[in-house]
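So the protein sequences, as listed, match chains A, B and C.
Going by our numbering, 68 is the number at position 68 of the first sequence; the sequence numbering is gapless.
Going by our numbering, 144 is the number at position 144 of the second sequence; the sequence numbering is gapless.
Going by our numbering, 262 is the number at position 262 of the third sequence; the sequence numbering is gapless.
Hints were generated in silico from the structure; no laboratory data involved.
Small disclaimer: the values here were computed from a predicted structure and weren't measured.
Check the hints yourself; a few may be wrong.
Sample of chain C residues with no beta-carbon within 10 Å of chain A, all distances over it, derived [claimed, not checked]: (1) A64; (2) Y73; (3) H120; (4) S163; (5) P164; (6) G175; (7) V222; (8) F227; (9) G257.
To give a feel for the contact side, a few chain B residues facing chain C, derived at Cβ under 8 Å [said to hold, decoys possible]: (10) S49; (11) Q92; (12) F94; (13) E95; (14) L97; (15) T98; (16) K104; (17) A106; (18) Y108.
Virtual Cβ for every residue (Gly too), placed ideally from N, Cα, C.
Residues per chain, in single letters:
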Amino acid sequence: MRYPAGIYNINYAQDMSIIRTKAHWVIFALGMIALFTFPLYATSFIHIINLVGIYVISAVGLMLLTGYCGQISLGQAAFMMVGAYTGAWMTRAGFPFWGTLILSGLITGVVGLIFGLPAVRVKGFYLAMSTLAAQFIIPWCIVEIRPDFTGGIHSLRVNPMTIFGHKLISQIEMFYVIITITCILIIFAKNLVRTQIGRAWVAIRDNDLAAEVLGINIFLYKLIAFFVCTFFAGISGCLWAHWMRNVGPTHFEFVTSIWFLGMIILGGMGSITGAVVGVIVVRILDYVVSILLTPLVEEAFPLLSNQIVAGLPAFVFGLIILLFIIFEPRGVNHRWEIFKASYRIWPFSY
Amino acid sequence: MLVLNNIEVTYSEVILVLKGVSLTVPKGGIVAIMGANGAGKSTTLKAISGLLYVEQGKITHGSIEFDGMRIDKMNPQDLTKFGIVQILEGRQVFENLTAEENLKVAGYNSDSHNVKRNLEMVYHYFPRLREIRHNISGYLSGGEQQMCVIGRALMTSPKLMLLDEPSLGLSPLLTKEIFEILGKYNHEQHTSILLVEQNALLALKLAEYGYVMENGRTVMDGPSSKLLDNPDVREFYLGLVDIGERKSFRDVKHYKRRKRWQ
Amino acid sequence: MTASIFQFAVSGILVGSLYSLVSLAIVLVYKATHVFNFATGSMIVFTSFLIWTMIGLGLPLWLAILVSIAFSYIFGLLLEWLVLRPLIGQPLIGSLMATLALTELLRGLIIMIFSAHEFHLGYHIFPPIVKKIGPVFISPALFGGFVLCTICLIALILFFRYSPKGLSMRATADGHYIAQSVGIRVSTVFSVTWGIAGVICAMAGLALMDRIGFSIVQTPSVVIFCFAAVLMGGLDSVPGAILGGIIVGLVSDLASGLISSQVGMLMPYIVLMVVILVRPEGIWGLKRIERI
Chain A
1 MRYPAGIYNI
11 NYAQDMSIIR
21 TKAHWVIFAL
31 GMIALFTFPL
41 YATSFIHIIN
51 LVGIYVISAV
61 GLMLLTGYCG
71 QISLGQAAFM
81 MVGAYTGAWM
91 TRAGFPFWGT
101 LILSGLITGV
111 VGLIFGLPAV
121 RVKGFYLAMS
131 TLAAQFIIPW
141 CIVEIRPDFT
151 GGIHSLRVNP
161 MTIFGHKLIS
171 QIEMFYVIIT
181 ITCILIIFAK
191 NLVRTQIGRA
201 WVAIRDNDLA
211 AEVLGINIFL
221 YKLIAFFVCT
231 FFAGISGCLW
241 AHWMRNVGPT
251 HFEFVTSIWF
261 LGMIILGGMG
271 SITGAVVGVI
281 VVRILDYVVS
291 ILLTPLVEEA
301 FPLLSNQIVA
311 GLPAFVFGLI
321 ILLFIIFEPR
331 GVNHRWEIFK
341 ASYRIWPFSY
Chain B
1 MLVLNNIEVT
11 YSEVILVLKG
21 VSLTVPKGGI
31 VAIMGANGAG
41 KSTTLKAISG
51 LLYVEQGKIT
61 HGSIEFDGMR
71 IDKMNPQDLT
81 KFGIVQILEG
91 RQVFENLTAE
101 ENLKVAGYNS
111 DSHNVKRNLE
121 MVYHYFPRLR
131 EIRHNISGYL
141 SGGEQQMCVI
151 GRALMTSPKL
161 MLLDEPSLGL
171 SPLLTKEIFE
181 ILGKYNHEQH
191 TSILLVEQNA
201 LLALKLAEYG
211 YVMENGRTVM
221 DGPSSKLLDN
231 PDVREFYLGL
241 VDIGERKSFR
251 DVKHYKRRKR
261 WQ
Chain C
1 MTASIFQFAV
11 SGILVGSLYS
21 LVSLAIVLVY
31 KATHVFNFAT
41 GSMIVFTSFL
51 IWTMIGLGLP
61 LWLAILVSIA
71 FSYIFGLLLE
81 WLVLRPLIGQ
91 PLIGSLMATL
101 ALTELLRGLI
111 IMIFSAHEFH
121 LGYHIFPPIV
131 KKIGPVFISP
141 ALFGGFVLCT
151 ICLIALILFF
161 RYSPKGLSMR
171 ATADGHYIAQ
181 SVGIRVSTVF
191 SVTWGIAGVI
201 CAMAGLALMD
211 RIGFSIVQTP
221 SVVIFCFAAV
231 LMGGLDSVPG
241 AILGGIIVGL
251 VSDLASGLIS
261 SQVGMLMPYI
271 VLMVVILVRP
281 EGIWGLKRIE
291 RI
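This is chain A alone, in the form it adopts within the complex (with noise of 0.2 Å):
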C-alpha cells in the first residue's frame, strides 16, 4: 500500500528511495519554491514559521530517538539549553556563526552522551527517567556553577548572528537561514533513517533481545541515537537563543520536554515527516488557543483573565494530547497514511 498501484520496485535504489516517482519530484520541487519563497506572499506569519523551523529541528532529532529508537527522552528542552547558552556565549566570544552552530550541536552531542549512558545497564521507562534527572541537572549546572558566565537565573543577552560580517537583524534573513539548516538536517535525518544505523534503531526499537541476538551492538546504537538526537536539539538551542536573542532557564523547563514529547506523538511517531506535522499542529493549536479562544473563555469569566491567558494554553494542550492518545496514539502520519491506502484501493474497502 505504500505506493499507487503499478508502481513497483525492480531495483534496491527504488526500494530506498525517498522520492519514489516522478509524480513525488514535481510536488516535492513545487514545495520548495514554495517553501523558500514564503516571505513574499506571508510576511506576516514569518516569525511564527521561524520559531517552527527551530522547534522542527528538535522535534526530528527527538523523533530519531523516541521514534525510531524507542528510547523516551524526557530532557529535550534541556539539552537545547545546552545549544542555546554554548551559541550564547561563543558569539559573545567573537566566534563565527557556522562554527558556532556546529560546536554547539558538538557540545550538546556529547553532553547527551554523558546521559545515554546509563543505556548500557537500563533501559525503557528507567532510561526515561534518567532523561528527566538531565532535565533539572542541567539547567542546575547552568544556573548554578559559575553563574557570572551563564547569567545565572537572569537570562543573558545575545548578540545576533553573523553571516559573513553581515548582521542578521530582521526576521526574514533569519528566516533564510533557519530554513536552510532545517531542510539540510531533514534530509540527513531521512537518509540517516535508511541506513544500517536507522535499521538497527527499529530493531532495538521493536524488539532489543532480539535485536541483540541478532549482533545489533544495542549500546552502541544507542548512544548513536542519543548523540544525533541532542546533536539536533543543539543546533536547534543555537537558532533559538539567536532569533530570541535572549536566553534564560526559564525558556527551557520541564513542561518545555513535554511539549516536543506531545509534538512527536500528535505528528506521529516513527516517521520524519510525523515530526514536522507535529510542531506544526501544536503551533496552529497555540496559535487557536491564544487568538481565539482566550478571547471568548474570558468573556465568559470576565474576573479571571490573567489566569486564564496563563492557564489555557496548558489545559488544552494536554486536552488534545490525551484525546490523541486515547483516540489515535499513532497521530496525524497514521490517519494520513490510512487516507491514502484508501483511496488507493478505492472502491474496495478492504
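Got chain A sorted already, so can you dock chains B and C onto it with the hints?
For chains B and C alone, coordinates are given in the frame of chain A:
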C-alpha cells in the same frame, strides 16, 4: 454447547482475518482446530473469549452462542464467571506471584466459594504443582508454568476451556503427560475443550472432532479418526506420506499434489 | 556541629515520611496498572485546593477533611475512568505521555480557576506543640505527617499481602489480559487503585499545606523527590517506597543544611542517577523477570 455461526473478525477495521468460520463444540466434547500459522486459529479462540479488543479486533459479522445464549458481546471477565476460560498462548503466568497465588487469584475472582476445593482438585491433577507451590512462578520451568496456567484455568470451574497451543515449547514427554491429564479431566468433569494445536497428531488423538483452518476459513472438518486417515491431512499436517516406506530424496518434490480443498 | 547534623537528620527523616507517603501513591498506581503517575504533583495540588475550598466554605476541619477524602477518591476514580481506562494495553510511551498530558491539563485548570499563587490555610491543623527531644526541635506538622504515613503504610502492606483484593491487584500488575482471562475485573482494580491514590494525595496535601503551603508552581517540585524515592525503593515495592522516601529526605536535608540549599535541591536528581546506574530496579524492587 458452543456454536459459532459464520464469524467474521476484522483487525484495525481493515484486516479481515476470519472469513466466515462456523464450528460447534458439543457439551463435554473435545474439539481440535488445526492449521498453518496465520490461519486464524488464535483469533477464533479470542473471538470466543472476548480478548479480541486488545489487538483492536472486532467481530463484524456472525454470532457466538453458548448454551443458547449470545456471548459475542460479553467481556472476558463476565465470560469467565459464565464458565468459558481461555488459556492464552505462551505459558503466561503471573510472574511475580507464587504458583499457589496464581491459582488462588483465579479462584477468588471466578468461583470464590469453592477456592479450597478447587485448589485440592488442581493439586490432585497436577501433583508437581503441589511441590512447587511456594516458588515464584516466573522462575519455573516451561512445563511447570504450563501446568500452572492450566491449573489456573481449572480453578475457575469452567464449562468450556479454550486452549491455545498448550504444547508450545514443551518436551514431547511432558506434552503427552499434559494431554493425558486434559483427557482425564474432560472425562471426569465433563468440561468441553476447544483445542488449537500445531501438534496435529496429539491433538487428533485427544479430540473427538477436528477442524482444519486455512486463511481464515474452515476447509475441512470431521471426526478425528476420519481426519487422521484423510490423505491431505496426512501429507500436509502429519507429514506422513507412504508410511513405513523409505523415501528417496529424488522423489521429494514440493507440492507434488495440490491440496484438494482449495 | 554534631547537634546540627542531628537536627538535620531528624528533620530529614520526618520530611522523608512525607515523601514516603506520596511515593506510596505512585507505587500503588504502578503496581496495579503499570503506569507511572507523573501527574501526582498536580493531583496533590488539586486535592489541596479541595480541602482549602471546603474549609473556605465554612465547614469544620474534621468535616472538611472527610468530605475532601470522599471527593479525592472520586477524583481518582474519574481520572482513571477518563484517562487510563482507554489506555489499557498501550505501550509505555502511551501511558507515560498520558500522565504527562494530564499534568499539563490539571496545571492549566488550576491556574485558570485558582491562579498560580501560593496558598496557606491561615491556621495550623496539627496542635502547635513544639516538641523538643534533647537538642532537636521537631515541628508538629512534620510529626503529624509522620504519624499519618505510618498508619497508611501498615494498612496498605496488610492489604496487599493478605487480602484477596490485594492479591488481585498484584496479579493485575503482572498482566492485564491474563488477569482478565481468569476473571479479574481489571477495571475495578484500576478504579480502586486510583481512588486510593487520590485519597493519599489528599493526605499528603494536608501535611504539606500545614507546613509550607501549596501552589501549582512549587508543590510539583516536591514530587520529584518522590520520583527519586520511588526508583530507589523499587517501583513495585511498598516498603521500598517508604524506605526510599526516608533516605531521600535524609540525604537532601543533610545536604541542604550542611552544604547549601541549592545542593539540597539537586540531591534527589543525583540520587536518581545513582540509583539508575547502580540498581535500577530499586533496593527492594522485584527484578523484572525476562525469559528469553
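Hint by hint, here is what the structure shows:
Listed as outside the interface, A64 (chain C) is consistent with that label: its C-beta sits roughly 24 Å from the nearest C-beta of chain A, beyond the 10 Å cut-off. With 10 Å as the threshold on Cβ separation, the claim that Y73 (chain C) sits away from chain A holds: the shortest Cβ distance comes to roughly 21 Å. Every CB of chain A lies more than 10 Å from the CB of H120 (chain C), the least distance being 19 Å, so the non-interface label holds. Every CB of chain A lies more than 10 Å from the CB of S163 (chain C), the least distance being 28 Å, so the non-interface label holds.
Taking the minimum C-beta to C-beta distance to chain A, about 29 Å, the non-interface status of P164 (chain C) holds against the 10 Å cut. For G175 (chain C), the requirement that its beta carbon stay farther than 10 Å from each beta carbon of chain A is met, with the minimum near 17 Å. Distance check on V222 (chain C): its Cβ is at least 13 Å (rounded) from any Cβ of chain A, clearing the 10 Å threshold; non-interface status holds. Its beta-carbon lying about 7 Å from the closest one in chain A, F227 (chain C) breaks the requirement of being farther than 10 Å from that chain.
Non-interface call for G257 (chain C) relative to chain A: holds, since the shortest CB-CB distance, roughly 17 Å, exceeds 10 Å. The beta carbon of S49 (chain B) is positioned within 8 Å of a beta carbon in chain C (closest approach about 7 Å), and the interface hint is therefore held. The interface hint given for Q92 (chain B) is met, as the beta carbon of that residue sits about 5 Å from the closest beta carbon of chain C, less than 8 Å. A cut of 8 Å between beta carbons decides the hint on F94 (chain B): the least distance to chain C is about 4 Å, and the hint holds.
Because the closest C-beta pair between E95 (chain B) and chain C is about 5 Å apart, less than 8 Å, the hint holds. Because the closest C-beta pair between L97 (chain B) and chain C is about 6 Å apart, less than 8 Å, the hint holds. Interface hint at T98 (chain B): violated, since its Cβ lies 11 Å from the closest Cβ of chain C, which is beyond the 8 Å cut-off. Given hint, K104 (chain B) at the interface with chain C, holds; its Cβ is 7 Å from that chain's nearest Cβ, closer than 8 Å.
Taking 8 Å as the C-beta contact cut-off toward chain C, the hint placing A106 (chain B) at the interface holds, the least distance being around 4 Å. With a cut of 8 Å, the hint placing Y108 (chain B) at the interface with chain C holds, because the nearest CB-to-CB distance is about 4 Å.
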